[in-house]
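A.B. asks: Given next are the chains, with one letter for each unit.
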Amino acid sequence: MTTEDNKAATRRGFEESWNQGKVDVFDELFASTFLYHDPTFPNGLRTQDYKRWVTAIRQAFPDLHLTIDDLIAEGDQVAVRLTLRGTHTSDLVTVMHISATGKRVTESIIAVIRFTGGKVVEVWSQADTLGFLQRLGVIPTPGQSSSFALRHFCG
Amino acid sequence: MSTEENKALVRRLIEEVWNQGNLAVFDELYDPNFLFHDPALPQVRTREDDKHWISETLGAFPDFHLSIEDVIAEGAQVVVRLTARGTNTGAIVAPMSHPTTGKHVTVTAIACFANDKFVEIWHQVDTLGLLQQLGVMPAPGEAR
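In the order they appear, the protein sequences are chains A and B.
Take 1 as the starting number for the first sequence in this note's numbering and just add one per residue.
Take 1 as the starting number for the second sequence in this note's numbering and just add one per residue.
Simulated from the structure, these hints should not be mistaken for lab results.
In this text the structure is predicted, and so the values were computed from the model without any measurement.
Just to be clear, a hint being listed does not mean it is correct.
[Unchecked claim] Partial selection, computed: residues in chain B whose CB lies under 8 Å from chain A: (1) I72; (2) A73; (3) Q77; (4) R81; (5) A84; (6) T108; (7) C112; (8) W122; (9) Q124.
[Said to hold, decoys possible] What follows is a set of in silico ranges between Cβ atoms, one per label pair, in the way DEER data are often shown: (10) A:G75 / B:H65: 19 to 27 Å; (11) B:D63 / A:A56: 33 to 41 Å; (12) B:Q43 / A:V105: 29 to 37 Å.
All C-beta atoms, glycine included, are put in the ideal place defined by N, C-alpha and C.
Here chain A stands alone, though its shape is the one from the complex (with noise of 0.2 Å):
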């Protein structure tokens, strides 16, 4: 498999999935050996995990569209830097459980992607959870009281 398609895939994952809400697409690209490492999840993600997490995510904000701003492939390595937008109008039910705010979010992720034979093996990805939860107000921003977040936090 060539760099050019290792980013047609990647670009295809992302497009059908997060944006379209296909989330069977990642049983076609991801090899059964696949685990998605984020330090939100310490044991990693499988795919059908993976899915039930993307899905969650998209019920908690139904206008989420993620951006790819940068794609570049390498070997068999793809690095991507995206975008996500969407507003939270649903409760968001996964790690922790946050009820909806209507806030509208800007999330900047930078995902590194391993491929063998073509398939998606593994995911390293990085957003800013932290200012995420604090977007979201489940945790302060400093000055901010910090009972109201360890409610939410601390499950």
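For chain A, the structure is supplied; the task is to place chain B on it using the hints.
C.D. replies: Below, chain B alone, put in the same frame as chain A:
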């Protein structure tokens, strides 16, 4: 600059500036109009801001060490995935002011560079994980 030259520039930044604390080479590696982008570090924008932030970080974590996990280069861009390790024995200034914690931390960062000299860096680090490891923020399930 070839992709190999761009990768060499990135390795110099990590080895000489971050791991050896040699800020004297900074101006050699960075374009004067350099811009830094990290939503968690809104105060870090220019070359001078970046140098200042690196200096503060090395002061807060004197045994700071960056390991390169992945390097991907194409055209004028390089993306590097890093693991940062260090023991917090100095006062922290960014992302929020906090006194010394003495804790040892490990965080992942992914940075995209647009080269020849560095003209732009987009940077994303596990800031939440850093603050949890330092005990500044609770991990899920913990009480304060």
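A.B. asks: Would you mind marking each hint as holding or not holding in the structure?
C.D. replies: Right, here's what the structure says about each hint:
1. The closest approach between the C-beta of I72 (chain B) and any C-beta of chain A is roughly 5 Å, which is under the 8 Å cut-off, so the hint is satisfied.
2. Because the smallest distance between the Cβ of A73 (chain B) and any Cβ of chain A comes to about 6 Å, under 8 Å, the interface hint for this residue holds.
3. At about 5 Å, the closest approach between the beta carbon of Q77 (chain B) and any beta carbon in chain A falls short of 8 Å, and the interface hint on this residue holds.
4. A distance limit of 8 Å between C-beta atoms decides the matter here; for R81 (chain B) the minimum to chain A is near 5 Å, and the interface restraint holds.
5. Taking 8 Å as the C-beta contact cut-off toward chain A, the hint placing A84 (chain B) at the interface is violated, the least distance being around 12 Å.
6. Taking 8 Å as the C-beta contact cut-off toward chain A, the hint placing T108 (chain B) at the interface holds, the least distance being around 6 Å.
7. Satisfaction of the interface hint for C112 (chain B) is found here, the shortest Cβ-Cβ separation to chain A being roughly 5 Å, below the 8 Å cut-off.
8. At its closest, the beta carbon of W122 (chain B) sits 6 Å from a beta carbon of chain A; the interface hint therefore holds under the 8 Å criterion.
9. Residue-level restraint check for Q124 (chain B) holds (minimum Cβ-Cβ distance to chain A is 4 Å; threshold 8 Å).
10. Evaluation of the 19 to 27 Å hint for G75 (chain A) and H65 (chain B) yields a pass: the beta carbon distance comes to about 26 Å.
11. Checked against the hint of 33 to 41 Å, the pair D63 (chain B) and A56 (chain A) passes, with Cβ atoms roughly 39 Å apart.
12. Taking 29 to 37 Å as the suggested C-beta distance range, the pair Q43 (chain B) and V105 (chain A) does not conform, at roughly 21 Å.
Of the numbered hints stated above, those contradicted by the structure are hints 5, 12, listed in ascending order.
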